[in-house]
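Participant: Once you know that position 111 of the sequence shown is 254 in the numbering used here, the rest is easy, because the numbers rise by one and skip nothing.
Hints may contain errors.
[Said to hold, decoys possible] Pairs of lysine to any residue, SDA-like flavour, derived with a Cα cap of 20 Å:
no., residue 1, residue 2
1, Lys385, Ala423
2, Lys455, Arg402
3, Lys377, Val435
4, Lys455, Ser260
5, Lys377, Gly408
6, Lys386, Ala423
7, Lys439, Tyr325
8, Lys377, Arg405
9, Lys455, Arg374
10, Lys370, Lys386
11, Lys370, Trp415
12, Lys248, Asp272
13, Lys370, Glu453
14, Lys385, Lys439
15, Lys370, Lys385
16, Lys248, Ser181
17, Lys377, Ile358
18, Lys248, Leu220
19, Lys248, Arg330
20, Lys370, Gln341
21, Lys455, Ala244
22, Lys232, Ala195
23, Lys385, Gly360
24, Lys377, Ala319
25, Lys377, Gly360
26, Lys377, Tyr325
27, Lys248, Ser260
28, Lys439, Arg402
29, Lys370, Glu351
30, Lys377, Lys455
31, Lys377, Ala359
32, Lys455, Arg330
33, Lys455, Ala195
34, Lys455, Ala395
35, Lys386, Trp415
36, Lys455, Lys386
37, Lys439, Arg424
38, Lys248, Thr413
39, Lys439, Arg330
It should be emphasised that the hints constitute simulated quantities derived from the structure, not laboratory data.
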Amino acid sequence: MKSNRAVGVLESQIAAVRGFSRFYTSKLGILEPKLLDSPWTLQEARIIYEIAQQPGCTATDLVGALGLDAGFLSRTLQALQRRQIVARKPSKVDGRASEIALTAKGRAAFAELDGRSRREVAALLGELDEAERAAVVDAMTVIEQTLEPPAQKPAGFLLRSHRPGDIGWVVSRHGAIYAREYGWDIRFEALVAEITAQFIRSYDASREHCWIAEIAGEPVGSILLVKGADRVAKLRLLLVEKKARGLGVGRALTEQCVRFARDAGYTSITLWTQSILVAARGIYQRAGFRRVAEEKHHSFGVDLVGETWELKL
Numbered sequence: 144m145k146s147n148r149a150v151g152v153l154e155s156q157i158a159a160v161r162g163f164s165r166f167y168t169s170k171l172g173i174l175e176p177k178l179l180d181s182p183w184t185l186q187e188a189r190i191i192y193e194i195a196q197q198p199g200c201t202a203t204d205l206v207g208a209l210g211l212d213a214g215f216l217s218r219t220l221q222a223l224q225r226r227q228i229v230a231r232k233p234s235k236v237d238g239r240a241s242e243i244a245l246t247a248k249g250r251a252a253f254a255e256l257d258g259r260s261r262r263e264v265a266a267l268l269g270e271l272d273e274a275e276r277a278a279v280v281d282a283m284t285v286i287e288q289t290l291e292p293p294a295q296k297p298a299g300f301l302l303r304s305h306r307p308g309d310i311g312w313v314v315s316r317h318g319a320i321y322a323r324e325y326g327w328d329i330r331f332e333a334l335v336a337e338i339t340a341q342f343i344r345s346y347d348a349s350r351e352h353c354w355i356a357e358i359a360g361e362p363v364g365s366i367l368l369v370k371g372a373d374r375v376a377k378l379r380l381l382l383v384e385k386k387a388r389g390l391g392v393g394r395a396l397t398e399q400c401v402r403f404a405r406d407a408g409y410t411s412i413t414l415w416t417q418s419i420l421v422a423a424r425g426i427y428q429r430a431g432f433r434r435v436a437e438e439k440h441h442s443f444g445v446d447l448v449g450e451t452w453e454l455k456l
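Let the hints inform the model, and build the full structure from the sequences given.
Facilitator: Here it is, written out as structure tokens:
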């Protein structure tokens, strides 16, 4: 049984947390009927933001990411659809589900919300000196990691540019993973070695790039964007280690390629994949790629159906 003193301390701590919650939500304008003087409520803004981060997501994805009631989410999505902010289409990966994406109007709404949020926080931090800003951010980190320790969260990952040693890792892991999971022979590893060698020999940093995904300093994924003919780029060698699958690594790598290609002035991206690579094909579909050709072939010791996919930028 807790002592009176322990009960009193706990009650004061509860009051302090509740007081901070009232202060913080007021400071950020979260209690206003519309978030940041926008046309959107807080929950609508959260949903718009999450869809922007997960193009082609499903309602189930959103329920899991946002922790919202499924019925409330469904009603809100219907309202956003009536306002032409989101659009649905049948999923080609799962016929029972619908993919949800922002429309052009929705992307404009997200850009406005994102800009307002950034300006609001920038103004808040701009009133502090460097040491005070660091102290505020450190305090937030302590709160987050104490209430939800990192071990209870999905592993976080980061994307970075390639550096010495990474290309060898890309070749090695492609050879090992495809041999183990699909039975492809060493000729596939030889093909990857040829692709990466050509990438290194003719590397043009303004128009080509390799990204490595890593968790706690360990590589867990890769992707390349290389020059094709004219203003066409090629997406190559998307790979995600088994232990990192389900975290959004493949999607993040692909989206990074698309952003880079747009900034570099390409008009389209093409890629070559195989029909049996279901997870990769799903990532490409959600990123907006469409299959434009297919052909049966025998390669790497197995019978395959090769597919060409394209994304217009």
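Participant: Compare the structure with the hints numbered earlier in the document and write down the numbers of the violated ones, lowest to highest.
Facilitator: 4, 10, 12, 14, 15, 17, 19, 24, 25, 26, 28, 31, 32, 35, 36, 38
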